[in-house]
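Peer 1: Now for the letters of each chain:
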Amino acid sequence: MSPWSAIETRKPEVDLAFKVNGRAVNVSTLPARRLSNVLRENLGLTGTKVGCDAGDCGACTVLLDGEAVCSCMVAAAQVEGCEITTVEGLKARAPLYDRLQKSFLAAGGAQCGICTPGMLMSATALLENNPCPTESEVMDAIGGVLCRCTGYRKIVSAILTAHSEHVSSPTAHAGAVGQRLVRLDGQRKADGTEIFGADEMPADALLLRVIRSPYHRARFSFGDLRSYRETRLGIQAVLTAKDIPGKNCFGVIPGFADQPVFAEGETRFRGEAIAAVVGEEQAVEQLDLERFPVSWDECHALMEIDEALQSGAPLLHANRPGNVLVGGRVVRGDVEKALAQADVVVEGEYETSFVEHACIEPEAGFARRVGDRIEVQACTQSPYMDRADLAAILALPADRVRIIPTAVGGGFGTKLDLSVQPFIALAAWHLNRPVKMTYSRVESIMSTTKRHPARIRARAGASKDGKLLAMDIAADFNTGAYASWGPTVAARVPVHGSGPYRVPHYRALTRAVHTHLVPAGAFRGFGVPQGTIAQEQLYDDLANRLGMDRLEFRILNALDDDSPTVTGQVLGEGVGIRECLEALRLRWKAARVEAEDFNRTTSTPLRRGVGVAGMWYGCGNTSLSNPSTIRIGLKRNARIVLHQGAVDIGQGSNTIVTQICADALGAPVDQFDLLSGDTSITPDCGKTSASRQTFVTGKAAYLAGRALRQTLLRMAGACDCASFEFRDGRVIAVDNGKALSVDLADLPLDEHGYVLTQETTFDPPTSPLDENGQGNPYAVYGFGAHLAEVQVDVELGTVRVLRITAAHDVGRAINPTLIEGQVEGGAAQGLGMALMEEFTPGKGENLHDYLIPTVGDMPPVETILIEKRSSVGPFGAKGIGEQAVIPTAPAILNAIHDAIGVRIRKVPATPDRIRAAILAARGPGDPRG
Amino acid sequence: MLAGGTDFFPALGSRTVSGAVIDVSRVGELRGIEFSPDEVRIGGATTWSEIAAASLPRCFDALRAAAREVGAVQVQNRGTIAGNLCNASPAADSVPPLLILDAEVELTSCSGVRRLLLRDFIVGNRKTRRRSDEILSSVIVPLGLQDVPSVFLKLGARRYLVISITMLAALLSREGDGRVGVARIAVGSCSATAQRLLELERDLAGQPVRRELSSLVRASHIAPLSPIDDVRAPAAYRRDVTLTLVRRALDACVEAQS
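Same order as they appear, the protein sequences are chains D and P.
Following this note's numbering, the numbering of the first sequence begins with 1 at its first residue and continues without gaps.
Following this note's numbering, the numbering of the second sequence begins with 930 at its first residue and continues without gaps.
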């Protein structure tokens, strides 16, 4: 026999014997099946995550005979006789694992948790051979695992400190607000037991795959679908638009909903669904979807904003003339006159690209029919919105649709929109069998929403003494084929276009323009990051033209409590931008001296520069109602149940909302049991977006906690200063040394099964904007400013960010560790947007062509928290999720300009764009060329 | 043919495996590094981690540096040298370091064994002269310049897990009179197959080994390259920075000699 072990894959399954986590296992499977699938499906070890099936993300990292490998790239038969360790097996490797896990949780190394198993396995492979590694050794070890949430630095420090004894983290007792509590859902993220969208598929579920348009725009007609189904064993159904009982239409904003579940006759973007195939798993897996009976007729596609706006351009939607989805407008004062009178006027045009969310968890879930109800368990940021859309699609009343949100392995806005849900719900409804689906990475990138590409023209003027006088902005956004969140972007950008500064004369006009490209939707900041790239670079130009220090120029013009915003709103309190900018002064001065010294003395082609950018961001929906309802229930055993419907997508709402509620009630955090945002058990806390959960849901939790406290005080006959103890089926109010007891055992249970239930709704006070965009769009804004220090290689055009200092006014830091996590992770996404992230539809639908930062790209981030309270928020708190990403990219771009004197007006500032700009600035005859 | 799987599985995408697959990852004879007086023989199924960790002569510095840049640790622990060569990506990090070593490949089939120069083996973008009945059993590096240090430079748009925009390997031997004996420079990611810059190599031979050596590099020296525009970078940029990297690589070679 030849020495080569031959595998004939057409043969049936083979029996394989190997060890997993110290246990001998026997598995019958196809020999070339990916090990990741064998671990997850045959052995139920779903702690190993699958992010790309291509070795690009490292989420599936396991140890194979002690070495870190991507289990998606190992054939099952290759592990015969080997020893595999997965995250579930780390416990057996104590005490190393115990220390590493504690260190991870204490440092805030896990946010959404989808990369955590891969990180832990990579770290274990390192630490077993090298218990006290250097920082660069840690980076080499985890360089192959992508994280989209944390910005990596907390993970690096967790691994570096794993060998040391840990100071125990704050315990969950009274006085939770302001404490660095370990996230309440941290343990299960670190031990692999967290359930994400793909982790709890029923064993008998059918598999669904979607047929998608290979063209940006095409007409299509089906062949013989019936014979396609009947001639393939195991295929149960082929679904098309004809199978939809209700509306073949969904969308996140009522009134703008326009996206079909399945296109009818014509597709409007590459990746749009036209049909689905459902059947037994193996049968559907093996289908070659290229052979699906459909004929395509490719049509001319509108790809660019200008082309779509041309008169006579074909309309994507008949009811939207000129392909303009919607426009936005904020006008104040007389901008033309003010610019004419300004001593200094600068202008510029800026361009941004499609940016992919690149959640490491692809969209996934399953649906099942339970009698006349449909249940969908999937990863989502917005369970109640999903419920409303699915009810309309299936023609069911909303209360017959149940959404069970799983943990979300990265959302950032893209999981606000429906993905797998309508397909699996429709199939499960018709077939009365559970139906599952997990997007492939390609499918996820090609079909889910993106950050809007923007083209922004702007002018700004100031007086000689450095006062901002006027700003004029015209911004167009490529919103793709369907509305998604285009209207929100078009509305938000004009409100925020001035930045957090006093600008008396202002005009901002925006348009969201349809093209035959993937829908652009919500992505951390709803267009404000793009607008800020223009505005903060323009203000830098103004300061430079005026000969003013760029930071001092911003401080001079910073908005304050008593000055009106560009919508005429006077906030009256909680405007912390000046404090943020002032907090950067120390580092600003030092960094500029260091950069100047470096540039003066270096003999290398490296140049250093320092940049700053400010930011503001309104928390919650723009001038629209967006209530959250919190229910808390007191059980007879004195446990408190928190119905916490704010989906935790890694940002920490499970922990933050509980901390707020605990302090408002006066109970320790560990007295609480959390229930998820399952629509059958928990009231609507709205969507996790717009930096609204700490603020809006947090405030609802605060109010509910206070109300329950009042009830208990009344029942105990205690005064408001009393403290509570919850034990032995009693609540004891300790009031001036007196213990007043409320016995819960004898109280009747209410309709929810609690002795006491408190349900409270909070909707932030806003007012509508008038025809000039004047009004109070938000009750609270978050403020911040980032300082970036960069080093540019002028010969290569490459940029290394050396350090980021980030000051954020969060009102009240409910949990500083979680806030730092948001800031560092936001900075990482901002860095990616500034330097490398660009999705070109039809190209690079994977995570090796579409690049996001790795651990080696992230500098240290120093977070400075400013607490300028806003009385509307819980304990004065404001949002931080989106605020964190906004100022990073413009700060980096300003630092690049500072380093090399060249403005990069199109992001990402890739090495070739920077190098081209350097060469263009030097002119053709320059010998340094 | 399956060994490390680091190209096989990504290419598969959502499809299932069809047809026969031969797994050679456990063939001991294909793995490991052997030294003889005249040559170094690297088994085809030797992984990048094994190459990076191996004790090898200085002329392998560039190959070992490239081994640490192939994907990330997970890929280096599985991916093999033969896989990288047979996949024949224009951006294969291993090819320039092997081209400057004048490496050969050994192809084995039931009908025998043959050797080809690596530069003759890879004939185009993902095209080699391997017959379907052959496996690449060894990479053979002739010795002679073993004490000459080599360098590897890679440019990508991020730090880890990145496909090169351009990358190159170089070595420079210094004769007793302080002049360049042999100069070898190979550039990858800038043409369908990685290229040696032969004219530059000739122009460098006999020049004094000193810091100014890199100033001899002219734009015409990279004329053999034919870079393309793709998602990673435009062609003009690739030419521009390759010239810079060639100069830097020569500076590094000179430095390593002193």
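None of these hints come from the bench; they were simulated from the model.
Quick reminder that beta carbons are idealized off the backbone N, C-alpha and C, glycines included.
Possibly wrong hints are sitting among the right ones.
[Stated by the list, open to error] Quick partial rundown of chain D residues pointing at chain P, CB under 8 Å, derived from the structure: (1) Ala-32; (2) Asn-37; (3) Cys-70; (4) Cys-72; (5) Val-74; (6) Ala-77; (7) Ala-141; (8) Ala-283; (9) Glu-285; (10) Gln-286; (11) Asp-720; (12) Gly-844; (13) Leu-851; (14) Leu-865; (15) Arg-869.
[Said to hold, decoys possible] Footprint (simulated), chain P over chain D, 3 or more residues, beta carbon under 8 Å: (16) 51-59; (17) 664-670; (18) 791-798; (19) 829-843; (20) 899-912.
Peer 1: Are the hints correct? Go through all of them and say.
Peer 2: Structure-based check of all given hints:
Interface hint status for Ala-32 (chain D): upheld, as the beta-carbon distance to the closest one in chain P is roughly 4 Å, under 8 Å. Hint on Asn-37 (chain D) is violated. Least Cβ distance to chain P is approximately 10 Å, over the 8 Å limit. Given the 8 Å rule on beta carbons, the hint for Cys-70 (chain D) holds: about 4 Å separates it from the nearest Cβ of chain P. Annotation: interface hint on Cys-72 (chain D) holds; nearest CB of chain P at approximately 6 Å, less than 8 Å.
Contact between Val-74 (chain D) and chain P, as hinted, is supported at the beta carbon level, the nearest pair being about 6 Å apart and thus within 8 Å. Contact between Ala-77 (chain D) and chain P, as hinted, is supported at the beta carbon level, the nearest pair being about 6 Å apart and thus within 8 Å. For the restraint placing Ala-141 (chain D) at the interface with chain P, the shortest Cβ-Cβ distance is roughly 6 Å, inside the 8 Å limit, so the hint holds. Hint status for Ala-283 (chain D): violated, given a least beta-carbon distance of 11 Å to chain P, over 8 Å.
A distance limit of 8 Å between C-beta atoms decides the matter here; for Glu-285 (chain D) the minimum to chain P is near 6 Å, and the interface restraint holds. With its C-beta approaching chain P no nearer than about 5 Å, Gln-286 (chain D) sits inside the 8 Å limit, and its interface hint holds. Proximity of Asp-720 (chain D) to chain P is violated relative to the hint, the smallest CB-CB distance being about 56 Å (cut-off 8 Å). A least Cβ separation of about 5 Å between Gly-844 (chain D) and chain P falls short of the 8 Å threshold, and the interface hint therefore holds.
Interface hint at Leu-851 (chain D): satisfied, since its Cβ lies 5 Å from the closest Cβ of chain P, which is below the 8 Å cut-off. A distance limit of 8 Å between C-beta atoms decides the matter here; for Leu-865 (chain D) the minimum to chain P is near 29 Å, and the interface restraint is violated. Taken as an interface hint, Arg-869 (chain D) does not check out: its beta carbon lies about 39 Å from the nearest beta carbon of chain P, beyond 8 Å. Three residues within the 8 Å Cβ limit are the bar, and the segment 51-59 of chain D against chain P gives 5, so the coverage statement holds.
For the segment 664-670 of chain D, the assignment as covered by chain P is violated, since 0 residues bring a beta-carbon within under 8 Å of that chain's beta-carbons and 3 are needed. Here's how the segment 791-798 of chain D fares: 4 of its residues keep a CB closer than 8 Å to some CB of chain P, so the rule of at least three is met and the hint holds. Only when three residues or more bring their CB closer than 8 Å to a CB of chain P does the claim for the segment 829-843 of chain D stand; here the count is 4, and the claim holds. For the segment 899-912 of chain D, the proposed coverage by chain P is satisfied: 3 residues have a C-beta within less than 8 Å of a C-beta in that chain, meeting the threshold of three.
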